[in-house]
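Following the hints, put chains L and D in place on chain G, whose structure we already have.
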Amino acid sequence: MTADGTLLLKDVTIRLGDKTLIDGLSLAVPPGKIVTVMGPSGSGKSTLLSWVCGSAIPAFAIDGGLKLDGLDISHLPLEARRVGILFQDDLLFPHLSVAGNLAFGIPRGVSPGERAKRVAEALAEAEMPGFEDRDPATLSGGQRARIALMRTLLAEPKALLLDEPFSRLDAALRDRIRRFTFDHAMERGLPTLLVTHDPDDAAAAGGPIIEIDIAPC
Amino acid sequence: MLRWFPALTLVLFLGPVAAGLVGTWAPAFGFLPSLGGHGLTLEPWRQLFAQPGLGTSLALTLGTGFAATLISLGIVLGFLASCHGMRPVVVVRKLLAPLLAVPHVAVAVGFAFLASPSGWAARLVSPWATGWDRPPDIASVPDPIGIALVCGLVLKETPFLLLITLGALGQTTADRTLAVARSLGYGPATAWLKTVLPLIWPQIRLPVFAVLAFSLSVVDMALILAPGTPPPLAPRILRWFNDPELSNQFLAAAGASLQFLLVAGSIALLYGGERLVAMLGRRWIAAGGRGHSGRIARRAGMMAMLLMFATGLAGILGMAIWSLARRWRWPDALPSAWTTENWSRQADALIWPGWTTVTVAVAAALIAIALVLGCLENEQRNGVAPGSRVLWLIYAPLLAPQIGFLFGVQVLFVSAGLDGEWAALVWGHLLFVLPYVFLALADPWRRLDERYSRGARALGASPNRVFWRIKLPMLLRPVLFALAVGFAVSVGEYLPTVFTGGGRFATLTTEAVSLASGGDRRVIGVYGFLQALLPWAGFMLAIGLPAWFYRDRRGMKVFAT
Amino acid sequence: MRWTAGLVAVFLFTLATPAVAQQELDWGQVTQKARGQEVFWNAWGGDERINAYIAWVGKRVKAEYGVTLRHVKLADTAEAVRKVLAEKTAGRNEGGTIDLIWINGENFKAMKDQDLLFGPFAEQLPNFRYVDVENKPTTRLDFTVPTDGLEAPWGMAKLNFIHDSAVVTTPPRGISGFLEHAKANPGRVAYPAPPDFIGTTFLKQALYELATDPAVLQQPPGDNFDAVTRPLWAWLDALTPHLWRSGKDYPKNGPALIQLLDDSEVDFAISFYPAEASSAIADGKLPKTARTFVLDRGTIGNTHFVAIPYNANAREGAMVVADFLMSPEAQARKENPEHWGDNTVLAMGKLDAAGRKLFDELPRGAATLAPDELGPTLPEPHPGWMTRIEEQWLSRYGS
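These protein sequence lines map, in sequence, to chains G, L and D.
Read left to right, the first sequence gives residues 0 to 216 (numbering that gives the first Met the number 0).
Read left to right, the second sequence gives residues 0 to 560 (numbering that gives the first Met the number 0).
Read left to right, the third sequence gives residues 0 to 398 (numbering that gives the first Met the number 0).
These are computed hints drawn from the structure, not numbers from a lab.
Since the model is a prediction, treat every value here as computed from it, not as a measurement.
Worth double-checking, as some hints may not be accurate.
Claimed, not checked - Just a few of them, taken from the derived set where beta-carbon distance is under 8 Å, the chain L residues facing chain G: (1) G382; (2) R453; (3) S461.
Beta carbons: idealized from backbone N, C-alpha and C, even for Gly.
Next comes chain G alone, as it looks inside the complex (with noise of 0.2 Å):
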């Protein structure tokens, strides 16, 4: 396997218990790919993103192999693997600002005066210039989503997980979010694994899907 930036997820086993969940998964996520894996509630599928970007999952017992852009990264810590995550709630930190938690994504040793460049383009990006030194907690949902969007890019990862991130935005928004994320990974080619129980989640990502089933008792 050569270094062609893919996501790669071979023969992965999920087991709670006795009780399997998920047997002998195996998927690759090309670059500027999404692969859509959709199941109900309890079917494992978001342990199974907790195991891709490298979460402590105790109760657990998951076995396969893992590999991003040819280096397998199953043993690296989750900070080292490069892998974006982005959840239900946008997960802003209370007590930075705007530019606080932006600039928390951007990899360390970057000078000061880059960091607040490369800040204030995100905000750009997400059509928010000036926001800098507001409040988190005063942005509306749309924004925040699109700010949590532009701290999980700006910290340069080489895949993005989707945890259910559209599942709290109101119908009107909710298109136009997925959008902007979307569109945001596939310009920047990342291999992307979108996890959801929304239809049209699956049908806007446009690539593959993968069904899961609640596994019999």
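Below, chains L and D alone, put in the same frame as chain G:
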């Protein structure tokens, strides 16, 4: 590095308790080489049981301890059962912090000022209502059977139990449970006792035991409020310990061991009582009685709580007034002449104990918070799930009677040449500060949405960076609150200062105790009020700093405790 | 380790033997060593004015000699005796936790008897030359026990009583008068519980007045103890039921009794300092009608001292403080009713003009008796009496 925190904490924390117990029990059986005791003998126990009035002391100890615990618990449960979800609870919750922050000694002094025969209460109604043109010759504070001590303890323990119970209620589905029960036709108080109490009891059991253990072995309050001829067991042990006759050290050690047995036995008794009540309670619940509308119960519950708060706050106010009085003669309701001289003249004398109080409290609180944060962070990073056994360990220094092991700690310190060192004093305080800091911080820390740190790490931040940049700032308020709790606990400590300070260190608390039963009320007022003021100042800072710091961050209000 | 401790003990013992220490003290060297030392002074802390005075001493010795004074407040001086004894038993022969003790009477005797004191040093202190050893023999004879330079005199105390002249017009003139007053006014007479020194002195006063031959009190008690003290117990047995709180509770100390007098709970307060009533009036602690009275046959008087434990950590600093306490400046402030009101140990004739002026300018106060009205001073009994009386008192009335 982080993995060592739990072990380190336990060593710092249970090590002294265990060592102190050994150092107490050994002399109780005659082994204390530095005083020429090498043998194994029952002589100290024989001497102990031959003490005149020991039976009275024990009866006084048990009577006041159980009465204070059960009355405090009764007020809290009665109040919450009858007023759950209503305005009085909201009001009382706001008033809780100031009373909770006041050290035991200040509460005791305040109560004594209020309730003694020449106290404020009698002054307010004399002579026009009572006909007393001179204070009556009644032993009210202290009184022969310890009622004053029980009152003092209730003033201090009710707010503590209320806080714990409110916390426990917040973690359950009490509101919905109550709604269901009431829709089945149960009166509000009955519904609360039958459905909510069983839900929260497991979480308030240990604090209730801690209250019992404390009430049975309290020394500082007893020195001020309990009768002296003979006093309850704990202050009597301190008296033997301070006796010029060195051989009485063995007697004191035997007494301290007896105190330990007494507390252990009482906790066992309360545990048994709990089982019995639970058994009868199940039958009572199964019988299906619906109870009444609860208006009378509500009035009684509110009155008891109100009286408690009014007394506590009036005591503090009384101290403040005395500290500003120049002349306040019986039966004037207020001073006839005022002055600030009591404060200015004490300034020189206050500096050293004040400085010791503040520095020791700050050091103990900071060390405690560092250890607790280390433990909690380790728990989250290494996925260690805390068991309920750990909680028992944390409560251990609160359940064991202080005098039962501080005696041994002191013996060890003296033989190691450590007594009278500042570090030893801080350690002695840390022992009691740590559990409270842990209890104050563990819940908010564990409740923080774990996805914040996951998200931060996905952005490339190391666990350390996440700790310093995300968790700590987001939890600034509970962290500072826990610091303030630790500070307040340390400010109020009496026995640890006496035993580990080697007599070289005076704090506002030790000064207030030594002044309290004699001397100038105006000066006692200065010490008592200042002692109450320091923890208040700590809590004000803990609440005010983050509010100011995050004044432009609306989202931080969600994280308020 | 034990061997070194032994050596240290021998060394210290050599230091402490009179032969060596009797040599002239090199005061310059003492003050030089004292600079920067921290002196832990264990002193009874029951009276706020005295505590404030000690805090003032701390400020002065800090400024003058660079000595940091720490007042360790005791409820009972015996605590300090016990502590030094415990340190000696544990082998802590240097670096002790106590540097200076406010002491006299039985506590001094106990420490002297058990070799727990450093010295002699007192009579070599520069300011000792002002002490009135001729007319105030108790400055060298503490409760009949020779001080031998092991403690430095600090103040002169004389038992006196305070009443509110607006309430009690004719106070008792002898100790038996207190029993009559108590019978007529139940609950209005009280004395602090021993071992508080005001309480014990009140008992000594009673013992002295009630004993058939007070002269025997100057000798240690022997087989005659029961016979000599029998009238005292009979008197106490009669008095106790009529006491404040029916004798079931006692005020803790002298200041507590003054508070009770001000509250009108009791009719008399007891004091050791002749100017205490004036001082308390000036301070707002007693009504302006408060007055001092003494008893016709005289009252007990004594001297109180400071001593240095044998294992004191800051011995030089302690000596500097002891010396400062005997200075005209410190003694005049101590005699001033605004600060304390305790009589000086110094002889006016030995002071220079400036020193005498300090004393001449002192206010006296309306409630203070003139020196010739204070009546005769009765000598303290031998400490052995009080030790045994305290024990008996505790078992009879204490619990």
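Problem set entry | Per-residue hint verdict: G382 (chain L), partner chain G, C-beta under 8 Å | 5 Å, holds
Problem set entry | Given hint S461 (chain L) near chain G, where the shortest CB pair must fall under 8 Å | Since the shortest Cβ distance to chain G is 6 Å, the answer is holds.
Exercise. Taking the closest Cβ pair, is R453 (chain L) under 8 Å from chain G?
Worked result: 5 Å, holds
Hint compliance for this structure: every hint is met.
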